[in-house]
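Novice: Okay, here's what each chain looks like letter by letter:
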Amino acid sequence: DQQVKQNSPSLSVQEGRISILNCDYTNSMFDYFLWYKKYPAEGPTFLISISSIKDKNEDGRFTVFLNKSAKHLSLHIVPSQPGDSAVYFCAASENFGNEKLTFGTGTRLTIIP
Amino acid sequence: GAGVSQTPSNKVTEKGKYVELRCDPISGHTALYWYRQSLGQGPEFLIYFQGTGAADDSGLPNDRFFAVRPEGSVSTLKIQRTERGDSAVYLCASSLAGDTGELFFGEGSRLTVL
Numbered sequence: 001d002q003q004v005k006q007n008s009p010s011l012s013v014q015e016g017r018i019s020i021l022n023c024d025y026t027n028s029m030f031d032y033f034l035w036y037k038k039y040p041a042e043g044p045t046f047l048i049s050i051s052s053i054k055d056k057n058e059d060g061r062f063t064v065f066l067n068k069s070a071k072h073l074s075l076h077i078v079p080s081q082p083g084d085s086a087v088y089f090c091a092a093s094e095n096f097g098n099e100k101l102t103f104g105t106g107t108r109l110t111i112i113p
Numbered sequence: 001g002a003g004v005s006q007t008p009s010n011k012v013t014e015k016g017k018y019v020e021l022r023c024d025p026i027s028g029h030t031a032l033y034w035y036r037q038s039l040g041q042g043p044e045f046l047i048y049f050q051g052t053g054a055a056d057d058s059g060l061p062n063d064r065f066f067a068v069r070p071e072g073s074v075s076t077l078k079i080q081r082t083e084r085g086d087s088a089v090y091l092c093a094s095s096l097a098g099d100t101g102e103l104f105f106g107e108g109s110r111l112t113v114l
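Note that the protein sequences, when read in sequence, are chains A and B.
This note's numbering puts the first residue of the first sequence at 1, with every later residue one more than the last.
This note's numbering puts the first residue of the second sequence at 1, with every later residue one more than the last.
Please note: incorrect hints may appear among the correct ones.
Stated by the list, open to error - Ranges between beta-carbon positions, derived for each pair:
{"hint": "1", "chain 1": "A", "residue 1": "42", "chain 2": "B", "residue 2": "76", "range": "18 to 26 Å"}
{"hint": "2", "chain 1": "A", "residue 1": "61", "chain 2": "B", "residue 2": "52", "range": "35 to 43 Å"}
{"hint": "3", "chain 1": "A", "residue 1": "17", "chain 2": "B", "residue 2": "8", "range": "35 to 43 Å"}
{"hint": "4", "chain 1": "A", "residue 1": "5", "chain 2": "B", "residue 2": "85", "range": "20 to 28 Å"}
{"hint": "5", "chain 1": "B", "residue 1": "18", "chain 2": "A", "residue 2": "55", "range": "45 to 53 Å"}
{"hint": "6", "chain 1": "A", "residue 1": "58", "chain 2": "B", "residue 2": "10", "range": "34 to 42 Å"}
{"hint": "7", "chain 1": "B", "residue 1": "80", "chain 2": "A", "residue 2": "113", "range": "47 to 55 Å"}
{"hint": "8", "chain 1": "A", "residue 1": "112", "chain 2": "B", "residue 2": "107", "range": "25 to 33 Å"}
{"hint": "9", "chain 1": "B", "residue 1": "114", "chain 2": "A", "residue 2": "52", "range": "38 to 46 Å"}
{"hint": "10", "chain 1": "A", "residue 1": "11", "chain 2": "B", "residue 2": "10", "range": "25 to 33 Å"}
No lab work stands behind these hints, which were simulated from the structure alone.
Model, not experiment: these values are computed from the prediction.
We treat Cβ as the ideally placed atom computed from N, Cα and C, and that holds for glycine.
Put together the whole structure using the sequences plus the hints.
Specialist: Next comes the structure, spelled out in structure tokens:
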């Protein structure tokens, strides 16, 4: 039973355009959400997070949106750059301070120069 | 190095053998985690240490898997009687206590069971 779902295994976007990566979850106890980025042969690195008390968090080119009623979040990257090509994982935890993360299966983003 | 260090980076073993995977966390990080990533999947939680004690080992798949962190720093994940289904990348991460979510991952140990 996949509690965090990333239904798009891959996405290709032209350099300079917006990349939108989607994530859905089923566990209503999740209230803290994160995005991790992973390059080949490296461990995942933290990108951005959002608490359920917010609906948006922005950090430079990266913005995460949370729609709690729809149990859906998305990561927007604008403008997309070639270095953004990586696998992006959505993750969730049940409460702030609980570091047991449940990850999605990832979306491979390719930025086309 | 300043990051999380995992050894070996690659391990090939035969079914039924015993394997140990080592993790050296970032200095000063009290929390340490083991995750497992199978092909085409996201990381899957195995166990979480706060200091020397296992605060949550609910992700360990069965009693062939065991992890220790005797001095609150380096951790070893031990797998007995390995099976082909144990083949995966085993990821270790560490964090400061209370710094939710920002886990610092190592590069992983790729285990292949033949």
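Novice: Okay, which hints does this one fail, numbers in order?
Specialist: Violated: none.
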